[in-house]
Structure formats: structure tokens, C-alpha cells
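Enquirer: So the protein sequences, as listed, match chains A and B.
So that you can map any letter, position 121 of the first sequence is 121 in this note's numbering, and since no number is skipped, the others follow by simple counting.
So that you can map any letter, position 34 of the second sequence is 305 in this note's numbering, and since no number is skipped, the others follow by simple counting.
Just so you know, these hints were derived from the structure itself, not from any lab.
Keep in mind that a hint or two might mislead.
Listed next, with one range per pair, are the computed distances between beta-carbon atoms [stated by the list, open to error]:
1) B:Asp390 with A:Ser39: 46 to 52 Å
2) A:Thr9 with B:Ser336: 45 to 51 Å
3) A:Glu146 with B:Asn583: 18 to 24 Å
Straight-line Cα separation of at most 25 Å, DSS-like style, residue types lysine-lysine; simulated pairs [said to hold, decoys possible]:
4) A:Lys150 with B:Lys872
5) B:Lys325 with A:Lys173
6) A:Lys150 with B:Lys325
7) A:Lys162 with B:Lys737
8) B:Lys442 with A:Lys143
9) A:Lys150 with B:Lys442
10) A:Lys203 with B:Lys895
Even for Gly, the Cβ is constructed at its ideal location relative to N, Cα and C.
The lines below spell out each chain.
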Amino acid sequence: MSTQESYLTEDGRTIGPTVMEMKHITLRFGGVKAITDISFDIREGEIRAIIGPNGAGKSSMLNVISGFYIPQEGEVWYKNKKRPPMKPYEVAQQGIARTFQNIALFEGMSVLDNVMTGRLRMMNSGLLAQALWKGKAEAEEVKNREQVEKIIDFLEIQHIRKTPVARLPYGLKKRVELARALAAEPSILLLDEPMAGMNVEEKEDMSRFILDVNDEFGTTIALIEHDMGVVMDLSDRVVVMDYGRKIGDGTPNEVRSNQAVIDAYLGVAHD
Amino acid sequence: MKIRFGGLGLWEWAVWEEENLAKTSGTAEGLLSIPALLHRNATLYADKDAYREKAFGIWQRWTWSSTEKEIEALALGLVNLGVAEGDFIAIIGRNRPYFYWAMVAVQSVGAVPVPVYQDSAAEEMEYILSHCGARYAIVEDQEQVDKIIDIQGHLHQFEHMIYVDPRGMRKYDHHQLHRFADIQKQGRASYFECIDDLNARRSKLNYDSICVMLYTSGTTGKPKGVVLSNRNVIETAKNSAEFDNLGVGEEVLAYLPMAWVGDFIFSVGQAYWTGFCVNCPESPDTMMTDLREIGPTYYFAPPRVFETQLTNVMIRMEDAGSFKYKVFHHFMSHAKKVGGDILDGNEVSFGDRLKYAVGNLLVYGPLKDTLGLGRVRVGYTAGEAIGPEIFDFYRSLGINLKQLYGQTEATVFITVQPDGEVRADTVGVPAPDVDIKIAENGEIFYRSPGVFVEYYNNPESTASTKDADGWVATGDAGFFEETTGHLRIIDRAKDVGKTAGGHMFAPKYVENKLKFYPDILEAVLFGNGKDRCVAFINIDLTAVGNWAERTNIAYASYQELAGHPRVLDIIQEHVETVNKSVAADPMLVGCQIHRFLILHKELDADDGEMTRTRKVRRAIVEDKFKDLIEALYDDVDAVSTTTEVTYEDGRRGSISATLALRNAAVVPNVEKVAAE
């Protein structure tokens with residue numbers, strides 16, 4: 001799977017060459033090793049899942065990708081270049097957007113304003129111009145609002161456009177967070193447990209949105225998820241972690257029949 | 272003539288209309304089809320908005336002249352695709368300009384539009400599409416495309432599908448699948464090859480051509496395809512528009528299912544006849560916001576919508592501060608006293624008028640604005656009986672809400688309430704050009720220019736519904752009030768039966784009385800041929816849920832709340848009150864409810880228990896819950912049952928429950944005849 005050539009998936013999507021590669025990442029917090037010598041790649045246009053039992057180091061891994069944690073050892077390669085240690089906002093500016101396991105929205109602001117914040121890196125008019133809403137700022141807002149409205153339409157949240165986020169149920173908040181991440185027009189989208197705490201119907205909706213985002217915008221998606229059914233249905237390839245180590249990597253079918261994975265996590269092989 | 276209409280207010284419209292009225296009403300000759308009306312509107316009202324749809328947060332607009340271009344492009348595309356005259360074309364989607372254009376484009380090429388409820392399950396669609404032998408379908412999105420692909424194997428004549436929303440459609444095999452915009456593009460490209468053919472087809476349309484075929488919701492048995500001619504639709508639109516002085520300046524919000532005859536008359540018939548603008552909401556969930564932004568002047572809603580709105584207002588007032596709460600209730604009780612009379616133009620004292628004006632400033636005006644009903648000049652409700660309290664609430668606010676009685680076979684209008692003669696318990700006087708007679712058994716018959724042509728491919732049903740002289744049986748029982756000449760409906764004629772005691776059994780009459788309570792969403796009464804009546808109740812989850820929240824009763828689901836003893840107490844109280852009011856009518860004294868239960872699930876169209884227009888299918892409910900009815904007639908206190916349910920995604924499951932059965936006090940049947 002380390003070949004650089006594009007290939008076609010069964011359902012007709014094109015998966016491109018490697019866009020991000022983790023090389024021998026080790027992350028320590030004091031004496032605790034959260035991640036030990038993990039390497040894997042993410043290819044353009046694919047849905048890549050990271051799974052593992054609680055405390056396996058999945059979220060730490062995602063935080064390494066998003067630049068929130070700097071690993072003590074190993075290298076992160078992004079678009080064929082080694083990435084120097086950088087701040088999360090610099091990572092965001094490179095086109096990597098994320099959602100959070102515990103929703104991190106601006107609760108007092110409307111859905112629309114929350115999603116608009118995702119456009120921040122596309123706005124470059126000065127503070128004064130924005131405060132007075134004159135000249136460049138006005139044109140810029142109109143242009144960005146148009147993009148945001150397309151995302152609102154895409155995720156079917158028109159009816160809550162003007163509702164303060166604090167008043168929304170959990171499932172919708174998750175969707176708003178996805179909208180904000182999408183507003184940044186990311187080339188890689190990181191989703192930290194997008195289905196956590198959702199009921200079956202909300203999970204179905206969210207799965208559909210994730211697939212649609214990948215399909216319509218060609219966005220590369222890396223996600224952490226607990227729900228096995230969802231992971232196996234959605235992803236093209238899966239990395240399995242346990243106690244900070246990688247114990248499996250491959251297509252859902254390969255992972256499903258991997259004995260180490262079964263022992264560590266799945267318990268039994270599902271047909 | 273070039274006039275810009277952008278900034279015209281209602282008043283200027285009225286003036287403009289008056290100046291041009293001669294033109295609109297004098298041109299009835301030649302206007303024998305909807306496409307002909309389209310052409311007139313595109314000439315007469317070229318720059319006036321014909322359609323608006325909210326998309327991406329902004330109201331997108333199409334004038335009559337751009338509408339004509341869009342429709343022509345689509346019609347040319349259909350000709351180019353091979354649509355033949357007389358073909359049936361299914362149209363499946365929510366209210367969007369594209370589907371209204373599709374209907375008129377289909378008519379333009381001499382084919383017949385067949386709008387289908389977009390929430391129908393695949394099997395229901397299969398029945399309709401194979402019954403009319405549709406060769407084409409114009410649908411909204413992936414969801415509908417998937418449904419039709421599922422059933423395509425069973426549809427022998429079916430050929431092509433056209434979809435509007437391209438999302439998720441890229442990977443589909445596009446041999447027989449086309450994008451709406453592409454068909455229009457191909458239509459424009461093939462203008463010179465196809466325009467002569469299109470013009471020839473358009474010129475053949477006349478008053479007897481089929482305008483639309485609408486499938487009835489099928490309260491009993493399979494849906495029937497009601498064929499309506501241009502005469503039916505245009506004559507009805509003309510008469511009803513004149514009855515209510517509808518003009519080109521009206522604004523309507525199209526949100527009711529396109530497959531329903533009412534939407535076809537309001538959003539196509541009347542809109543094309545008068546040239547008013549049809550506004551389409553952004554999504555079904557934003558309907559209330561969009562309603563408020565548009566502020567329609569002409570508005571139709573089934574009683575359920577008014578009920579829901581009123582319930583929401585009352586719930587929100589419960590949470591309001593005590594000052595606001597008091598102001599609201601003070602002025603609402605004043606409105607209740609004089610509001611209706613002021614609206615009807617009756618005599619009201621100066622003091623009361625003054626107080627009403629203050630109330631209008633403080634409460635009624637802002638409330639109407641919040642509800643989106645601030646500009647309503649003519650409002651209608653129909654389909655089911657509306658609770659008198661709900662009806663009076665809206666009228667007391669100064670909203671001219673009226674009732675009409677109609678059905679698909681009549682192209683809607685049978686009776687209608689004229690301004691100033693509005694009451695909650697009648698459905699009005701015969702609509703213009705409608706004759707009505709009442710048969711001996713109480714069944715209502717009518718004859719009008721709107722009477723349907725036939726049930727498609729079903730001569731037996733056509734013959735049993737419409738006689739040689741054009742009289743149509745409504746299946747409803749009713750009578751004319753001698754003093755006012757207004758029609759009152761009792762029940763479905765076939766549902767009216769007799770109890771074992773020889774009393775009249777009119778289930779709907781009692782069910783409606785129950786449903787007027789905000790706590791009760793649905794009720795089904797049984798007892799035909801029995802010695803006493805029993806009932807199923809569905810509680811209203813919004814109203815009862817709010818009550819539960821206020822009284823600190825925790826619940827996880829409809830089922831749990833429905834089984835709560837205190838909820839049962841409340842419902843029992845309602846049932847007993849209804850019993851008293853039913854017993855007051857000597858004819859109906861046998862309809863009192865002796866025992867009842869609260870169903871463990873909400874009656875649902877997906878389970879076949881209701882029609883898509885949310886009317887209870889009595890026979891199916893009776894059959895499905897046989898065990899519960901038997902239990903109600905036995906002397907047990909509780910019954911366990913398992914019911915199969917269908918989820919929204921089509922999967923099936925089952926729910927089990929143990930239901931408590933309650934006795935309700937009845938007023939003893941005193942033999943009044945003997946006493947007299």
C-alpha cells in the first residue's frame with residue numbers, strides 16, 4: 001500500500017498518492033509513553049480511520065497531526081515535505097481542519113457566526129475595516145458568506161442558521177462543528193469521534209455527510225471512531241492502535257481478520 | 272407596455288390592478304390551458320415575480336418572463352428526449368419552482384403531469400407509476416432516484432428519470448438518468464429542431480385536455496387517479512379567485528404537498544389565473560421562518576398547522592415573565608370577546624374598539640407578525656374539522672380565517688364561507704357555480720364545472736361516484752342549516768352506522784370533539800353494531816410533554832408518557848367531558864365512550880394506519896389492533912400487545928407494551944322521548 005500511484009476504489013472514487021506520512025512517531029508525557037514508534041500514511045481522497053480501545057493513544061495521534069502535540073521522536077511529512085514543529089494555527093493555515101471529541105463551539109454565537117469563524121484564514125482585511133464593515137471587509141464578508149451558505153445547505157442546517165449554538169441538541173452541534181471545519185476548505189479533515197453520543201438516526205445522517213463531503217469535495221478525511229460498524233462501513237483503510245502501538249493497518253477486511261486486532265479489540269471476528 | 276414592479280406596495284398594486292382588470296378578465300377566450308395562461312402572464316406581468324425560492328439564505332426570484340423561458344427550455348428538452356403526447360410523467364419532490372415549471376412544461380408538450388407525494392414508500396410509488404404507466408419521472412434528489420431505481424424492474428413502461436439536485440449522483444449510471452439543468456440545456460440547444468413540434472403541441476391544448484392527474488390519498492383501498500381537465504382547473508381557479516377578490520399582488524407560500532389538489536389549485540390554478548407570486552420555502556424545517564419573511568396575503572393551512580402554532584404560542588407564554596403573561600392573557604380575553612365581531616363588521620362599542628386597538632399594538636399585531644400571518648387577507652382551513660377554540664383564537668386576532676369544504680374530485684371547492692359569515696361549525700355556502708343536493712340518507716352530492724373527468728383506468732369507480740347527469744357523491748353525510756343556508760358535515764356517510772341500541776354511530780363527530788383538546792392528537796372510536804362505544808387515543812407529545820416537564824414527570828419516549836397513570840387521568844377527564852357534550856344531543860347519545868386506552872405508538876402513515884394527508888384509515892387500524900379492541904370490550908384492566916412498526920428508512924421492527932384500559936363515566940341514556 002505504499003505505492004504512490006493513484007487507484008480506483010470499488011465504488012468509483014480515485015485515491016491519490018500519499019499526502020501525509022507519520023514516520024516513527026513517539027510521544028511522551030513525562031514518563032508516560034502515549035505513542036510508541038508509529039508510522040502510517042494518509043492518501044489523498046481517502047477516508048482513513050484510527051481505531052483502538054480507550055487510552056490507546058488515538059486522540060494523541062490526531063493531536064500530533066493537527067500540530068497540538070509535538071512528538072519527541074519521529075517526523076511528520078505533509079505534501080512530500082518534512083513538517084517542522086509548528087503551532088496549531090499554522091497547521092490550520094496549511095489546510096488541515098478538525099472537529100473535537102468534546103464539542104468546542106462558541107456557545108453564545110449563532111450557527112452562522114460559528115461557521116463564519118471557519119473562514120478566518122480566507123479573510124485578510126484589517127481590523128478597522130472589519131469593525132466599520134467598509135470597503136474590502138464588506139466584499140470579503142459577502143464572498144465568504146456565500147461559501148458558508150453552501151456548506152449550510154450541504155449539511156442541511158438552514159433551519160438553525162440564526163439559532164445560538166447553546167440551544168441546539170448534541171447531534172446538531174456536532175454537525176455545526178463539521179460545518180465550521182468544512183468552511184475552512186481543508187485538504188485534510190480530522191474528525192475526533194464524530195459519532196460519539198449519537199443515536200442511530202443521527203449516526204446515519206453523520207455517516208452520509210462524511211461520505212458526501214469526501215465524494216463532493218474530494219476532501220481527505222482522517223477520523224477516530226469507537227463505533228465499529230461505522231468505521232468498517234465508512235473507511236478505506238484503518239490503523240489499529242493499542243497501548244500506544246500500531247497493531248494493525250489495512251483495509252477494513254484485512255483488519256477484521258488480523259488476529260492481533262481481534263485479540264486486542266474486536267473480541268470476535270465478524271463475518 | 273413596460274412597467275417596473277419592483278417597488279410597488281400593496282396599495283399601488285390595487286390601483287394598477289384596477290386599471291388593468293378589464294384586460295385580465297376580458298381575455299377568457301384563448302386562455303384554455305395553463306401554458307396559455309403562462310404566456311399571457313409573461314406578456315402582461317413580464318417583470319413581476321412569479322416564483323421565489325429561498326436558497327443559500329437569500330430569496331432567489333424568477334419573473335413571469337424568465338419563468339416562461341425556463342419552462343420552454345424544459346419543454347423543448349422533453350420533446351428532445353422523446354416525450355410523446357399523452358405520456359404520463361411523475362413529478363416527485365417538495366415545493367420548489369423547478370417542479371411547478373415541470374408541471375407546466377409537461378402540459379406544454381401534451382403530456383400529463385402526475386405529482387406524487389415525495390414521502391411515499393417505494394411500494395406506494397410503484398403502484399401509482401405502474402397504474403398510470405409513467406414513462407418518465409422528474410424527481411428531486413438521490414433519495415427519490417434510489418426509490419425509483421428500486422422499483423424500476425417492475426415498471427415495464429418506465430424509461431427516463433430527471434433529477435434536480437445533483438448531490439451524490441455522480442456515480443450513478445446516467446444512461447436513463449438526466450440532470451434537470453442538462454435537459455434544459457439540451458432543450459435550448461435543440462431549439463430550432465424542436466420548436467415547431469412544441470408549438471404544434473401547445474396549440475392543440477384546449478379546455479378538454481387533461482391538465483393534471485392527482486392520486487387520491489386512498490382512505491379506503493388503493494389510490495385512484497383523478498383526471499382533471501383544463502376546464503376543471505381554470506374555471507375553478509377563476510370562480511374562486513373572483514369569490515375572494517384574489518389579485519396579481521397576492522403572496523402565497525407553497526408548502527403543502529404538491530401531490531395534493533389544494534396545492535395544485537392555489538399554487539398553479541389560481542397563481543396562473545391571477546398572476547400572483549408563489550414562494551417556496553428553503554427546506555421543510557424552515558417553513559415557519561420563511562412564512563414570516565414572506566408574510567403571505569393568501570394562506571391555506573390544514574387545521575393541524577393552526578393547532579400546532581397555537582400550542583407553541585401557549586407553551587411559550589407559559590414560560591414568559593409574569594408581566595408579559597398577564598398582558599397577553601388580558602388582551603387575549605378582550606379579543607375573544609370582540610375580535611370576531613370586529614372582523615365580521617358587527618356593531619362593537621367605541622370603548623371596546625379602542626381597547627382592541629391598544630391590544631393590537633401590544634399583543635395581536637406582534638403575535639400575528641411572529642406567526643407570519645400579519646398580512647393575511649384571506650386564510651383558509653379545510654380537510655378536517657377545526658376546533659372552535661382554535662378557529663376563534665385566530666379570528667379574534669383579526670385574521671380572516673375561513674373554512675371550505677372540498678375534495679379532489681371537485682377540484683377542491685364545494686362549499687366555502689363568504690367574508691362576514693364565518694363560523695367554526697359549518698363549512699359555508701355552495702361555492703360559485705356549484706349545485707348541491709342532499710340524499711335521503713344524508714349523503715351530500717354536488718355538480719360543478721370543477722367535477723373531475725374520470726378515475727383513470729377505473730370506469731367502475733367513476734360510474735359509482737359520478738352519475739350520468741354529473742352529480743358526484745361525496746361520501747360525506749351532512750345537512751343545510753335552515754336559518755343560514757350553511758352546510759354542516761356530520762361524518763363520512765359510510766362510517767355513520769348504528770349502535771346495537773339503535774342510536775346513530777358517528778365516530779368522527781366524537782373524535783373531533785376529543786381532538787379539540789390540545790392533549791389529544793388522534794382518536795379512533797369503535798362501536799358500530801355494538802352496545803357501547805370504545806376509543807383509542809393518541810396523546811400530543813408536544814403538549815403533554817410540556818405538561819410533564821412542568822410537573823416534573825420524567826419520561827423517555829412517547830410510549831412511556833402515554834402509559835403514565837396521571838396522563839391517563841387527564842385523558843379520562845377529557846373523555847368524560849366529551850361524553851357529557853355528546854349526550855346533550857339525543858341523536859348521538861349512543862356515541863358516548865365507555866372505555867378507552869392510550870395507544871402505545873403514534874398512528875403513522877408509514878405503517879399504513881393513516882393516509883399521507885393524515886386521515887385515519889379506520890379499517891386498517893381496526894384490523895391491526897383487533898386484540899386491543901377485544902380487550903376494551905372485555906372486562907380486563909390491562910392488555911399486552913406487540914405491534915410491527917416501520918422506521919423512516921423503511922426498516923421494520925416491533926414494539927411491545929402493556930396498556931392500561933380505563934372506564935369513563937357516561938351520562939345514562941334517559942328516555943327523553945318517553946318523558947316528553
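Enquirer: Would the pair lysine 162 of chain A and lysine 737 of chain B pass a check requiring their Cα atoms to be no farther apart than 25 Å?
Expert: violated (52 Å)
Enquirer: Holds or violated: are the alpha carbons of lysine 150 of chain A and lysine 872 of chain B at most 25 Å from each other?
Expert: Given that 25 Å is the threshold and the Cα spacing comes to 38 Å, the pair is violated.
Enquirer: When you check the alpha-carbon spacing of lysine 150 of chain A and lysine 442 of chain B, does it fall within 25 Å?
Expert: Holds. Lysine 150 of chain A to lysine 442 of chain B sits at ~21 Å (cutoff 25 Å).
Enquirer: If you draw a straight line from the CA of lysine 203 of chain A to the CA of lysine 895 of chain B, is it 25 Å or shorter?
Expert: Not OK: lysine 203 of chain A and lysine 895 of chain B at ~32 Å, beyond 25 Å, violated.
Enquirer: Check the hint pairing lysine 150 of chain A with lysine 325 of chain B against an upper bound of 25 Å on the C-alpha distance.
Expert: Judged against 25 Å, a Cα distance of about 13 Å means the pair holds.
Enquirer: At the C-beta level, are glutamate 146 of chain A and asparagine 583 of chain B separated by a distance inside 18 to 24 Å?
Expert: violated (33 Å)
Enquirer: Against the range 46 to 52 Å, how does the distance between the Cβ atoms of aspartate 390 of chain B and serine 39 of chain A compare: consistent or not?
Expert: holds (50 Å)
Enquirer: Verify the proposed pairing of lysine 442 of chain B with lysine 143 of chain A, using a straight-line Cα cut of 25 Å.
Expert: Violated. Lysine 442 of chain B to lysine 143 of chain A sits at ~30 Å, over the 25 Å cutoff.
Enquirer: Starting from lysine 325 of chain B, check that the Cα of lysine 173 of chain A is at most 25 Å away, please.
Expert: holds (24 Å)
Enquirer: Given the hint of 45 to 51 Å, is the C-beta distance from threonine 9 of chain A to serine 336 of chain B inside that range or not?
Expert: holds (47 Å)
Hints 3, 4, 7, 8, 10 from the earlier list are contradicted by this structure; the remaining hints agree with it.
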